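Below, each chain spelled out in residue letters.
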Amino acid sequence: MSSLRAYFSLMSASLRSQMEYRRAFLLEFTGRFIITGLELAALFIIFENVGNVLDWTRWEVVYLYGIVNVTFGCAEIIGYGLEATVPTLIRTGDFDRVMLQPISPWLFSCGRQFRLLDLGRIAQGLLALGLAFAHLPIQWTLAAVAMFVLTLICNVAVYTGLFTCAAASCFWTTESTEVFNAFTYGGTQMAQFPVHVYRPWLRAIFLWIVPVGFVTYFPALVVLSKPDALGLPPFMPWLSPFIAAVFCGLCALFWRAGLNHYQSTGS
Amino acid sequence: MPLISVKDLRKDFKVLAHKSGLIGAMRNLFSAAGRIVNAVDGVSFSVEAGEFVGYVGPNGAGKSTTLKMLTGILVPSSGVIDVCGFSPPHKARTKLARRIGVVFGQRTQLWWDLPPRESYDLLMRLFGVPRGVFELRLARLSGLLELEGLLDTPVRKLSLGQKMRCELAAALLHEPALLLLDEPTIGMDVVVKEQVRKLLRRINEAGTTILLTSHDLDDIEQLCRRVMVIDKGRIIHDGGVDALKRRYGNRRRLVADFLDQPKLVLPQGAEVASIEGLRATIDFDADKLRAPEVIAAVVAGNRIHDIAIQECDIAEVVKRIYGEGK
Numbered sequence: 000m001s002s003l004r005a006y007f008s009l010m011s012a013s014l015r016s017q018m019e020y021r022r023a024f025l026l027e028f029t030g031r032f033i034i035t036g037l038e039l040a041a042l043f044i045i046f047e048n049v050g051n052v053l054d055w056t057r058w059e060v061v062y063l064y065g066i067v068n069v070t071f072g073c074a075e076i077i078g079y080g081l082e083a084t085v086p087t088l089i090r091t092g093d094f095d096r097v098m099l100q101p102i103s104p105w106l107f108s109c110g111r112q113f114r115l116l117d118l119g120r121i122a123q124g125l126l127a128l129g130l131a132f133a134h135l136p137i138q139w140t141l142a143a144v145a146m147f148v149l150t151l152i153c154n155v156a157v158y159t160g161l162f163t164c165a166a167a168s169c170f171w172t173t174e175s176t177e178v179f180n181a182f183t184y185g186g187t188q189m190a191q192f193p194v195h196v197y198r199p200w201l202r203a204i205f206l207w208i209v210p211v212g213f214v215t216y217f218p219a220l221v222v223l224s225k226p227d228a229l230g231l232p233p234f235m236p237w238l239s240p241f242i243a244a245v246f247c248g249l250c251a252l253f254w255r256a257g258l259n260h261y262q263s264t265g266s
Numbered sequence: 000m001p002l003i004s005v006k007d008l009r010k011d012f013k014v015l016a017h018k019s020g021l022i023g024a025m026r027n028l029f030s031a032a033g034r035i036v037n038a039v040d041g042v043s044f045s046v047e048a049g050e051f052v053g054y055v056g057p058n059g060a061g062k063s064t065t066l067k068m069l070t071g072i073l074v075p076s077s078g079v080i081d082v083c084g085f086s087p088p089h090k091a092r093t094k095l096a097r098r099i100g101v102v103f104g105q106r107t108q109l110w111w112d113l114p115p116r117e118s119y120d121l122l123m124r125l126f127g128v129p130r131g132v133f134e135l136r137l138a139r140l141s142g143l144l145e146l147e148g149l150l151d152t153p154v155r156k157l158s159l160g161q162k163m164r165c166e167l168a169a170a171l172l173h174e175p176a177l178l179l180l181d182e183p184t185i186g187m188d189v190v191v192k193e194q195v196r197k198l199l200r201r202i203n204e205a206g207t208t209i210l211l212t213s214h215d216l217d218d219i220e221q222l223c224r225r226v227m228v229i230d231k232g233r234i235i236h237d238g239g240v241d242a243l244k245r246r247y248g249n250r251r252r253l254v255a256d257f258l259d260q261p262k263l264v265l266p267q268g269a270e271v272a273s274i275e276g277l278r279a280t281i282d283f284d285a286d287k288l289r290a291p292e293v294i295a296a297v298v299a300g301n302r303i304h305d306i307a308i309q310e311c312d313i314a315e316v317v318k319r320i321y322g323e324g325k
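Chains as they are written, first to last, in numbering that gives the first Met the number 0: chain W, 0 to 266; chain G, 0 to 325.
Isolated chain W, as found in the complex (with noise of 0.2 angstroms):
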């Protein structure tokens, strides 16, 4: 508790040392906001010229994008200190100092960088949503409830995950995060459409190793009441919690591994 309590206050004075810059900070908001309108906006576009994509309509798609940007919004919030402090930390060496806090190396460089800006994915995602549940007539059953929240939850803790095995990579090999970027915005873009789109072999990426596919695509059939593409039993989508924590559970080892392998540098 007291460990969360730290993290508030870093957020807070990374918020603050932001403000320092402020006109700065107003272009990036303005940026971020548009960049990600723009790609609603590029969802549309493709729907005025195809229709459905293999039997997803347009509004089933806009609530996979909504789920996608929401939780990835979440995760870039929590994880962007690792993305955003940790490579450069390692390579300077300045990565001493995180490992001297009284709070766990994660947490430090979780709470180390925080954008608002990030907000204005989560607005977009939202939006999406909304538009989504206006146009869908999905019956809100307790299975669809708590699959929608297991989805955002899960969605979540995958795209974390990610964040924490990229910064981990650094203390091997500080120019390994473009490989994991592939993944981490790679799977945003991927997730954004039922998976049953794309050939076998990246399906299977993005469903079992990276499983962002798995916990979108699953837990949107129930939600969405569709019938599974990939003719796969139909507990898949429970397991989407499980998939979550195995896959966190394996960053979180790779990250260990990764402290313990901290060479520093000279000083």
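Derived from the structure by calculation, the hints contain no laboratory data. The model shown is predicted, which means the values in this text are computed figures rather than measured ones. Be aware that one or more of the hints could be misleading.
Example chain W residues on the side facing chain G (calculated, C-beta under 7 angstroms, incomplete) [to be verified]:
#: 1; residue: M98
#: 2; residue: P101
#: 3; residue: T176
Sample of chain G residues lacking proximity to chain W, with all beta carbon distances greater than 12 angstroms (derived) [claimed, not checked]:
#: 4; residue: D112
#: 5; residue: D181
#: 6; residue: L198
#: 7; residue: T207
#: 8; residue: A242
#: 9; residue: L263
#: 10; residue: A295
#: 11; residue: I303
#: 12; residue: H304
No residue lacks a Cβ here, since even glycine has one placed at the ideal position from N, Cα and C.
We have chain W; now place chain G onto it with these hints.
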């Protein structure tokens, strides 16, 4: 029960052989060829509560690596470390962090864009120090370290000496039993160095155990009763500062720039270390010779442009001790 006890501590680094050029860079991606460097090669010592210990050695001797293993930043390759009852430190980093304060001369723990007061406020929350206790401690430290007027200026606008004072306060806010300092006076001018030393002395007198690394021998001479010298990963001297001096002799160095080629006739105990163009470097034994005598000998019959006297730096000292050891 010593505060620090270290036995046969080792740290090996694998240094990758980086090939140059584009093709070399590609090969670096896949080859893990490298050589092992023993940064710390079997070090043993212990430090009792209340001590003020200097840990010196030339660059790359293993000082910082030892310090980083003591704090849990680095995982040792082998050996036993116990710091404040935590053994090994890297398995209890967050707990150990509550018992030690660490200052790296070149790395700040203050938030660069915020005034120190805000960083302290944050540290208070990180360490879970209650507000009332915190205010009292800050008031005391602010008196001790003369922080008035600095607390509300963003850190990036503070001078080196001011920053170090704020840094020390940050390391002491949670009242650690042990303070580890890595090159606290690096880059400072003489006046500021003197001021920082005075503060360190006060901190130690107030009951905090201090282990300090430096390659400024003056730091050690003025502050520490005990000094450990490390070279090539091994401790080659552990004892009083006086004993160290007796071992290598009290050397001074005189550097003189001449207007034309000098003719040097030096007294016993002084020798020319090098002559480069019109600059001569002369080493002498300060126990046998006084500086004015050497200056007089150098000036006699020569046209002098500039003259300066320096302490022998620690790298020289260590080289001498190491030479003796062989």
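Beyond 12 angstroms from chain W, beta-carbon-wise, is D181(G)? The claim is violated: D181(G) sits with its nearest Cβ about 6 angstroms from chain W, within 12 angstroms.
Interface hint outcome for T176(W) [beta carbon to chain G under 7 angstroms]: 15 angstroms, violated
Taking 12 angstroms as the cut and beta carbons as the points, is A295(G) off the interface with chain W? 41 angstroms, holds
Hint check, P101(W) versus chain G [nearest Cβ-Cβ separation less than 7 angstroms]: At about 4 angstroms, which falls below the 7 angstroms cut-off, the nearest Cβ of chain G leaves the hint on P101(W) intact, so it holds.
Examine each Cβ of chain W, and state whether all of them lie more than 12 angstroms from the Cβ of T207(G). 16 angstroms, holds
Does A242(G) clear chain W by more than 12 angstroms, comparing its Cβ with all Cβ atoms of that chain? 27 angstroms, holds
Find the nearest Cβ of chain W to the Cβ of L198(G) and say whether that gap is larger than 12 angstroms. Since the minimum Cβ distance to chain W is about 21 angstroms, L198(G) lies beyond 12 angstroms and the statement holds.
Using the nearest Cβ pair, does M98(W) come within less than 7 angstroms of chain G? At about 5 angstroms, which falls below the 7 angstroms cut-off, the nearest Cβ of chain G leaves the hint on M98(W) intact, so it holds.
Is the claim that I303(G) lies outside the interface with chain W correct, judged by CB distances over 12 angstroms? I303(G) clear of chain W: closest Cβ-Cβ about 38 angstroms, beyond 12 angstroms.
L263(G) remote from chain W - nearest C-beta pair above 12 angstroms: 39 angstroms, holds
Beyond 12 angstroms from chain W, beta-carbon-wise, is H304(G)? The claim holds: H304(G) sits with its nearest Cβ about 36 angstroms from chain W, beyond 12 angstroms.
Status of the stated non-contact between D112(G) and chain W (beta carbon gap over 12 angstroms): At about 4 angstroms from chain W, D112(G) fails to clear the 12 angstroms cut-off, so the statement is violated.
Hint violations for this structure: numbers 3, 4, 5, all remaining hints satisfied.
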